[in-house]
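> The residues making up each chain are set out below.
Protein chains: 2
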Amino acid sequence: MSPSPARITAVDTYDIRFPTSRELDGSDAMNPDPDYSAAYVVLRTDAADGHEGHGFTFTIGRGNEVQVAAIEALRGHVVGRPVDELCADPGTLNRDLIGDSQLRWLGPEKGVMHMAIGAVVNAVWDLAARRAGKPLWQLLAGAEPEWLVRQIDFRYLTDALTPEEALTILRRGREGAEERTARLLERGYPAYTTSPGWLGYDDAKLTRLATQAVADGFRQIKLKVGADLDDDIRRCRVARAVVGPDVRMAIDANQRWDVDEAIRWTKALTEFDPYWIEEPTSPDDILGHAAIRRAVAPVKVATGEHAHNRIVFKQLLQAGAIDVLQLDAARVGGVNENLAILLLAAKFGVPVCPHAGGVGLCELVQHLAMFDYLAVSGTTDDRVVEYVDHLHDHFLDPVRIRDGHYLAPTAPGFSAAMRPESIARYTFPDGTFWAADRDDTNKKGQAA
Amino acid sequence: MSPSPARITAVDTYDIRFPTSRELDGSDAMNPDPDYSAAYVVLRTDAADGHEGHGFTFTIGRGNEVQVAAIEALRGHVVGRPVDELCADPGTLNRDLIGDSQLRWLGPEKGVMHMAIGAVVNAVWDLAARRAGKPLWQLLAGAEPEWLVRQIDFRYLTDALTPEEALTILRRGREGAEERTARLLERGYPAYTTSPGWLGYDDAKLTRLATQAVADGFRQIKLKVGADLDDDIRRCRVARAVVGPDVRMAIDANQRWDVDEAIRWTKALTEFDPYWIEEPTSPDDILGHAAIRRAVAPVKVATGEHAHNRIVFKQLLQAGAIDVLQLDAARVGGVNENLAILLLAAKFGVPVCPHAGGVGLCELVQHLAMFDYLAVSGTTDDRVVEYVDHLHDHFLDPVRIRDGHYLAPTAPGFSAAMRPESIARYTFPDGTFWAADRDDTNKKGQAA
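Protein chains in written order, with the numbering used here: chain A, 1 to 448; chain B, 1001 to 1448.
There could be a bad hint or two in this list.
[Stated by the list, open to error] One side of the interface only, derived from the structure: several residues of chain B facing chain A at Cβ under 7 Å: (1) Trp1105; (2) Met1113; (3) Asp1260; (4) Arg1264; (5) Lys1267; (6) Ala1268.
[As the list claims (entries may be wrong)] Between beta-carbon pairs, the in silico distance windows are: (7) A:Glu186 x B:Leu1229: 27 to 35 Å; (8) A:Arg171 x B:Lys1443: 53 to 61 Å; (9) A:Pro82 x B:Asp1033: 45 to 53 Å; (10) A:Gly80 x B:Lys1443: 24 to 32 Å; (11) A:Leu167 x B:Gly1080: 52 to 60 Å; (12) B:Trp1434 x A:Asp440: 40 to 48 Å; (13) B:Pro1005 x A:Pro420: 19 to 27 Å; (14) B:Gly1099 x A:Gly80: 39 to 47 Å; (15) A:Thr162 x B:Gly1176: 30 to 38 Å; (16) A:Arg171 x B:Leu1229: 32 to 40 Å.
Hints in this document: simulated from the structure, not taken from any laboratory.
Backbone N, C-alpha and C define an ideal beta-carbon position, used for all residues, glycine too.
Using the sequences provided together with the hints, build the complete structure.
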């Protein structure tokens, strides 16, 4: 009798919230007080190797429990799957999750339900990379083009990208990969930093952090804008004076404006030579981004962290709406959908500068950018991954930044796993941090 | 001492599921086995009048519990609000819910979280109409244009529709409203029926139901297509033969196709003179719909039941992507957002033919169509509301259809309230129906 194959035995979820709103870290024109949070999932197996798969959706606080409920709604699709089969072909699970007709009604392919799929699919990739003993970027870059193409759901894409075209891009992308791998391992992947530019920081803190960013080797910083034009003019002037003319300075409105307002406001900041204007309006407004791009050139238009699926990215590219594509590792349906998005960008010749920050997004997305460099676009020209210096210490394999570059992760997996003690402390509402916080509040209430 | 004003005291939620998959009612190319469900909400107050506000999101089964969790995440915004203020200006709550920055991250304005907002906002309108002693269509049609404009969140719309333009449309819309009201009360609002056309029905059932539809006075039917072209050709031929050349026959692919496939398939059915092709591809694919429309004319292109917010509708209109706009009462952020969508359609001169069916969608959306007739578009030409003969008996104020028309509701409210006994029976998983069903399954298991 042959032993039964190892299977997924549990999909465990955690509602993890960090009290970031108390420091105004992460404050911008639309998000004044985020509590960076993760709807976190662990896939457990009965395999002898003991490996787990970790994944999460990033949220900013309230509603994280809804995101957890959505991940739990996927449990039935995952528990019981043979681990070998699952890790050899995550695309099948990806298609099953996206294709569940009853759950699909809750999107389709957008919002809470789609992000839940992304968390679970990313956890499968984490597991697959751990079992392969490789960091995810390396697993992907070493995979056969034919296999990568099979990982992608081309539904709704074929008017812009066919499987045959994707295969051609991936075959071409392998040329010179060895040399690029050596360069990546030596130098890392270029980063830019948003740390100086949060809206809640005063000019002194902005000056200090921008000076530090240049000293740390970053060649691009980013400032949040969009709440008050006079403030933005002052802050852009301060930042440009600090970093000098040669360091790129992006600005980010976090969806604050209507189309006409975006054009006016961006033009009013053009004297400070912003490199791109990010999220000038609703992430759903493909035609609006195209109109803004036509009006504000040569300032580039960037968006994508809230673009909810490959079909939105397809249209942003078809409409000529963006100069810079900002994919996010945990907004869409996971690695499989991001493979499609990277290939779409390559087809249209638009550089990918991934969104990161939040909690754990840097840890995840570096793998996708490195894969893109090694196997898709083949270049880091005009490409940078966002970096924010927040909350990395909660991860078992935190990002490493040197001289303005992400160093390539070497540990097996997707760098997604949080430290068990961080999970225990920040689980909401009963982790030790939140329980103590509640006790404090109650005591203050009684003393008053 | 003045008495404190009446307030919202509770936001009660119910996970209600009907076992419709057992009859293949509602089966289409993407949704083979829906269990029509409602994430249902009741607002309770401490007002002496005892009125409640009822609302819901329609889903098709699994994940309805996620939708309920999302409604519960809104509770803190609603409980404690003074009822008079809330009902005098639902727009303020609507903006507060959409503007909650932490919850907004889960969309923004799309999917589970946005539909939850729609359920709560619609419940407020139900409450407001009950307290006013009017059916909602009448409350809206009698409201001042200035007040209606204030109910709308124009964010992201002003490049296509300004508040001033909306006001002009509404002022013009009032002309002749008295005469139209009399006609509406006498004749009703034209409907079309999808009842004959579900994909799971055989030709005999299709023939019987299509014959019945024409006998019942409907001037338009709809057939589901998209699973198998030969089947579709046969079913379209059967249906066209039954209804004759003068009854309109729409076809509905429920998002089954890619762009090129949609064009090929629709052209292959053109000989049967389809009036419109509905949801030919992804509801997110604005540019795709535009390409399909250019290719399949004179067959019209219709979509909207899954368009997730006003920004998508704005672009469908700007891109010339649709001939027919199919708003849904419970997909977007409630009545307030649908006011914006009706005004956008009027601005662009595109007829609105609302989506209905499911559970309770007919009950809700008739109010919006009647308001559009009386106060916005001023016409029913080329306008029909979908009608499906399912599950109406679970509602306290069910739709009434006569000679292919929706008769105007006369009871105060939004016709949203389900019968208490239906709620008790079909609440999942512990309502009497589901509990008995589980017992049956267990007994069969033991007997086997």
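> Should the interface hint for Met1113 (chain B) be scored as holding, given a Cβ-Cβ cut-off of 7 Å against chain A?
holds (6 Å)
> Assuming the hint says 24 to 32 Å, is it satisfied by the Cβ distance from Gly80 (chain A) to Lys1443 (chain B) or not?
Because 25 Å falls inside the window, the suggested range holds.
> Does the beta carbon distance between Arg171 (chain A) and Lys1443 (chain B) stay inside 53 to 61 Å, or does it fall outside?
holds (59 Å)
> Does the CB of Arg1264 (chain B) sit less than 7 Å away from some CB of chain A?
violated (12 Å)
> Okay, Pro1005 (chain B) versus Pro420 (chain A) on CB: inside 19 to 27 Å?
50 Å Cβ-Cβ, so the 19 to 27 Å window is violated.
> Is 27 to 35 Å respected by the C-beta to C-beta distance linking Glu186 (chain A) and Leu1229 (chain B)?
Since Glu186 (chain A) and Leu1229 (chain B) have Cβ atoms about 56 Å apart, the given range 27 to 35 Å is violated.
> Kindly confirm whether 39 to 47 Å is satisfied by the beta carbon distance between Gly1099 (chain B) and Gly80 (chain A).
holds (42 Å)
> Holds or violated: is the Cβ of Trp1105 (chain B) closer than 7 Å to a Cβ in chain A?
Holds, about 5 Å.
> Please verify that hint: Asp1260 (chain B), Cβ, nearest Cβ of chain A, below 7 Å or not.
holds (6 Å)
> Quick check on a hinted range of 40 to 48 Å for Trp1434 (chain B) and Asp440 (chain A), using CB atoms only.
This hint holds: roughly 43 Å between Cβ atoms.
> For the restraint on Ala1268 (chain B), tell me whether the closest CB of chain A is nearer than 7 Å.
violated (18 Å)
> Hint says 32 to 40 Å; check whether the CB-CB distance for Arg171 (chain A) and Leu1229 (chain B) agrees.
With a Cβ separation near 34 Å, Arg171 (chain A) and Leu1229 (chain B) satisfy 32 to 40 Å, so the hint holds.
The earlier numbered hints that this structure contradicts are 4, 5, 6, 7, 9, 13 and 15.
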